[in-house]
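A.B. asks: Sequence:
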Amino acid sequence: LVGPACASDEAGSKWLAEFMHLVASDPPDYIGVHYYGTDADAAIKYLEAVHEKYPSKPLVVSEIASISRDKKEVYAFTAEVANWMDDRPWIFEYGFF
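The sequence shown stops at residue 97 when you use the UniProt record's numbering, and every number in between is there.
It should be emphasised that the hints constitute simulated quantities derived from the structure, not laboratory data. All C-beta atoms in this analysis are idealised placements derived from N, C-alpha and C, irrespective of residue type, glycine included. Certain hints may be false.
[Unchecked claim] Here are the simulated lysine to any residue pairs, SDA-like style, with alpha carbons at most 25 angstroms apart: (1) 71 / 11; (2) 57 / 72; (3) 45 / 65; (4) 53 / 11; (5) 53 / 1; (6) 72 / 96; (7) 57 / 9; (8) 71 / 55; (9) 53 / 71; (10) 53 / 6; (11) 53 / 72.
[To be verified] Pair by pair, the computed Cβ-Cβ distance ranges are: (12) 23 / 68: 31 to 39 angstroms; (13) 75 / 24: 39 to 47 angstroms; (14) 73 / 21: 17 to 25 angstroms; (15) 24 / 83: 32 to 40 angstroms; (16) 25 / 71: 43 to 51 angstroms; (17) 67 / 26: 14 to 22 angstroms; (18) 97 / 10: 29 to 37 angstroms.
Let the hints inform the model, and build the full structure from the sequences given.
C.D. replies: So this is what it looks like as structure tokens:
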């Protein structure tokens with residue numbers, strides 16, 4: 001079972017923490033993640049922060065994408081983040097949106 005995928009902002013992180021507290025006796029098997037932005041380093045930092053908060057749960061990154069309108073920037077973001085995620089055993093699966 002994948003937990004709810006929240007927005008990658010402070011409100012989403014807070015909501016997920018509250019949810020995980022409420023379901024502590026029967027938590028989801030995976031942490032759901034969504035991320036939209038233009039900075040690959042920021043995306044990686046966010047994914048690392050989620051993993052650090054829930055280290056025993058693999059991540060399912062069901063939506064991730066660059067919001068840039070520049071094709072080269074989108075390709076660069078996608079390649080960098082995909083290559084990074086491929087090397088992380090704690091990322092169970094991902095899908096670019």
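A.B. asks: So, for every hint listed, does it hold in this structure?
C.D. replies: Right, here's what the structure says about each hint:
no.	hint	result
1	71 / 11	violated, 30 angstroms
2	57 / 72	violated, 33 angstroms
3	45 / 65	holds, 15 angstroms
4	53 / 11	holds, 15 angstroms
5	53 / 1	holds, 18 angstroms
6	72 / 96	holds, 16 angstroms
7	57 / 9	holds, 20 angstroms
8	71 / 55	violated, 34 angstroms
9	53 / 71	violated, 33 angstroms
10	53 / 6	holds, 14 angstroms
11	53 / 72	violated, 33 angstroms
12	23 / 68: 31 to 39 angstroms	holds, 36 angstroms
13	75 / 24: 39 to 47 angstroms	holds, 41 angstroms
14	73 / 21: 17 to 25 angstroms	violated, 38 angstroms
15	24 / 83: 32 to 40 angstroms	holds, 34 angstroms
16	25 / 71: 43 to 51 angstroms	holds, 47 angstroms
17	67 / 26: 14 to 22 angstroms	violated, 35 angstroms
18	97 / 10: 29 to 37 angstroms	violated, 22 angstroms
When held up to the earlier numbered hints, the structure conflicts with 1, 2, 8, 9, 11, 14, 17 and 18 and fits the remainder.
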